[in-house]
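Both chains come to you apart, so use the hints to assemble them.
Residue numbers (numbering that gives the first Met the number 0), protein chains in the order written: chain D, 0 to 68; chain L, 0 to 515.
Think of the hints as simulated: they come from the structure by calculation, not from any bench. The beta-carbon is built from N, C-alpha and C at its ideal position, and this holds for glycine as well. Heads up, a few of these hints could be off.
Computed, partial: chain D to chain L, Cβ under 10 Å [to be verified]:
| # | residue |
| --- | --- |
| 1 | Ser13 |
| 2 | Glu16 |
| 3 | Ala42 |
| 4 | Asp46 |
| 5 | Val51 |
Here are a few chain L residues that sit away from chain D, every Cβ distance over 10 Å (derived from the structure) [said to hold, decoys possible]:
| # | residue |
| --- | --- |
| 6 | Met336 |
| 7 | Glu353 |
| 8 | Ala365 |
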Amino acid sequence: MAYKIIASQCSGCSACEPECPNVAIREKNGIYLIDPKKCTECAGHFDEPQCVAVCPVDKTCVLDPAHPL
Amino acid sequence: MRSSAYVGIGQIKPLAARAAAPGAGCGSAGGGGKFGCGSASGAANLAPEVWEKVRNHPCYSEEAHHHFARMHVAVAPACNIQCNYCNRKYDCANESRPGVVSETLSPELAAKKVLAVASAIAQLSVVGIAGPGDALANLARTFKTFELIGASAPDIKLCLSTNGLALPEQVDAIQALKVDHVTITINMIDPEVGQRIYPWIFYRNRRWTGIEASRILSERQLLGLEMLSARGILCKVNSVMIPGINDHHLAAVNKAVKSRGAFLHNIMPLISAPEHGTAFGLRGLRGPTAQELKALQDSCEGEMNMMRHCRQCRADAVGMLGEDRSAEFTNEKVAAMEVSYELAPRLAYQAGVEAQRQAKAAARDAALLALAEQHSDIKLLVAVATKGGGRINQHFGHAAEFQVYEASVAGARFIGHRRVDLYCQGGYDAEEALPGVIRAINDCHAVLVAKIGSCPRAELKLAGIDPTEQYAHAFIEASVIDYFNDYLAQLNSGSIEHRPRADAAIRQGALISMSA
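Chain L with its partners taken away, still in its complex shape (with noise of 0.2 Å):
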């Protein structure tokens, strides 16, 4: 068990005040204006122009994902670069993780499968081609599919995901494709590094190895970022942090790509279960904990915004983040369904959102006055089980994930979700369960859930985690402020005593049912 408490660790940065400041949130009413929700941060202030692309966008905004779905197809089945990271090999229908897929797709039946996905799923805004190799390793199929769904259902929005090494060839065609969220995977700035992570290229025809390899990767991601910049594309820049190899030198990458003009940066924790296959897996490097995590994203947390709610999903996601529907729309039901382009359910949902994020922002603005009077130090992380639409609506036993808040006087922070098995689940063995989920949330004060049994809430007190059904159906953020109010009303009062929690654990191994 590792011990490094959170609270008080020199790194983490004091929240800025403007992080949740009344009448800065969320809500649409005051039409332009400034909007925390350009990511995680909660604290960007955006051009209209900007935050109209990101507004409805699961990945770019954290606020988003709350109510907006996405969907990967997987077209792209080749690649031009090899990752100490990744496996291509491997494929299983419980693993969720980028490069693996169970089937890929043609053009044709990806732009049928967005089509049957937008009729039954209306919280759908945006498509992308995540792979499972490099988008522009496969030219002819992934712009064939942007242009066939471009076609059929032009208000889904587009975004493709890229190692970089052929993107500045094609940003023009990107741009003609009004694709406008790239995301481009750049884990070092330096070739030293790079060699560590990536065995060879194929590049120019031929294999390059070792630093040389690197170093024209290296050169090629800056480039096409910057050109990408340059046309006003949104670009998203993942790093996978491998602690040992980039986690010291990934603040160094922070600076450049925010130089160049990145919008988000989204730190990811290495996946490396042994059983994946992966070189880093088989020589047993481990990814990041939790707290090993949020300290880095902290340390980059400034001008730019931070994504802290990635999934790290599959090349063939379908849904809600936090879900995979994948299995509803495998190849063979989406070659026999009838479909058509319906836009008016769509719009219905968005605008039934709006309506949740005034309320949401309302409730938010309510609980922050309340809380005006306090004065504390203390930041507390709160753990919550939700659904989806921004509430505290689910069941301890029913999450594959909770999402995890920081607490402080400036209010409510989004600063991650941990993945976890089921601890409810027919015929599987609830006992073995819920360390898994204690682990995983042990670096928190508390967990919000609509509902929880007796057992669990028994052995989650004796963990030192407050469970509390009190906020069940309410507003994620205005009920973190709230028990975080109450918390230090407590501590007033002498009824409770301040103490830090330990770290955690992210979760490696494969999920083993993402039904809920």
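Excised from the complex, chain D in its bound form (with noise of 0.2 Å):
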């Protein structure tokens, strides 16, 4: 499943567009999107998922039930 960023809740802090190893995070009008086409979960790359680590609002980057992957 690919995560994607809550965007009422992205404070538009970037910390994670330079995390993702699949660089499918961008930003749009001050907030930032990820890519459903690119996005891995990190898997084979880290053990969490860099975004969700590194973003300082809680549960903003989240699974996105309707990009399975």
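And the structure:
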């Protein structure tokens, strides 16, 4: 399943963008988006999804049932 | 109302006699020699190369902050740790505290903003990157910004502020970019204490929590500090005083950072208004009172300088420390400006400051000479209203803050500042602001101002604070000493009686306005 960023909670801090091993995160209008086609939940790269681990706002980077792998 | 008496508190150490000895002042006439201006303590005997780095730096020298301005460029929004006193989602144009900005900047726009501010404010001497996240959690943007500023405005000193987690790997890059002032926020050296301040850190691609997070953070902070010291990069350590969490631990932190070469220690009060939404604020933790903060700072004062003039600026602050002119330099306004590099106005201003410094030191020495005959154990706190230049030159009602000096037979010593809501503001109810002002300077015996209306004058007197215009436009230190000399003379003649003052409150809420 791919991760998504809940737009209303994103503070736009950019911490997630450089941590994503798949370069799946980009900025749009001051907040950040995950490209579900590129997201692998960091499988094979890291033990925990990097966007979740670094995000300062809890429960903002969440699994998106609309995009199962 | 808290009532811990100020005069006679056991932990207040006596003023060192050297603190304000005639001839050890800030005038540069002597060239080299002893300058009592490393920080608020006014007692540092600095090596010439260190003195050169701090003499015009408003954050590293208390004396310099009367004359010089700083700016922060908010190019670093990301952070790699979570602190319980910080809520990154909060932004308010009227709020002034670290971790907060109105808009972030690209490195290119930041470099242009520096030129724009330098052209408008001749007092500008330093540019820092202080967030709103962590300067070193945004390496590409932070370093690009320093590179651009170094090329386009080479006379402006560069500083950065960090939590230290990513510091050890970046020390070489910091040195190469000629950043010679680094501030590390160190709130603990004991992970048991740390786990109550830091819920998590992001390090080596994972989130660490609990005691392990604070153990890693502390090791990295102290290692980074040692590495910077070894390279001769001047380090300031910031610590947030959190009553009930680390207030009794900060003396140990002070010893640890002193032994690792920190130049200056800045113990700041916790800002925890619940409306900021920080974990500590929501849990109802309070910040320290003015006298609690002073007692801790005094107990740490020794070989190491204590900074007491920190305004806990926003990550996009612009101007003298007590003011914020960032609204004049928004991204939109800066983008539309034509800017160029002009050094001459800043050099001319700096030459003028040197003349003022000599006049100020001479006035202070004359006042001390007059005081030399007096013998007394009394110490008084005196609040002053100033717009800069080291003079008492602000109207009581226009003051957004008061600076507080401790007067004794050893002289006048700066011990802090108190932010207040403007008493005199169009459309705003003055009746509501005055009690707040009195609470903020309640530990002071007097307030020296350029001018004051009859109404607040009467109220202040009723509260036991002596308002006086007698020193309008005179130098601050000399005036505080003269006031104290007069006070002792009146005591000796029996016309007044000495009464200790109570404690004062450190203001927590948002600033209503910065204009003055």
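How the hints compare with the structure:
1. Ser13: At 5 Å from the nearest chain L Cβ, Ser13 of chain D passes the 10 Å test, so the hint holds.
2. Glu16: holds (8 Å)
3. Ala42: Interface hint status for Ala42 of chain D: violated (14 Å vs cutoff 10 Å).
4. Asp46: Constraint on Asp46 of chain D satisfied, holds at 6 Å.
5. Val51: Cβ of Val51 of chain D sits 8 Å from chain L, so the hint holds.
6. Met336: holds (23 Å)
7. Glu353: About 43 Å separates Glu353 of chain L from the closest Cβ of chain D, which puts it past 10 Å; holds.
8. Ala365: holds (54 Å)
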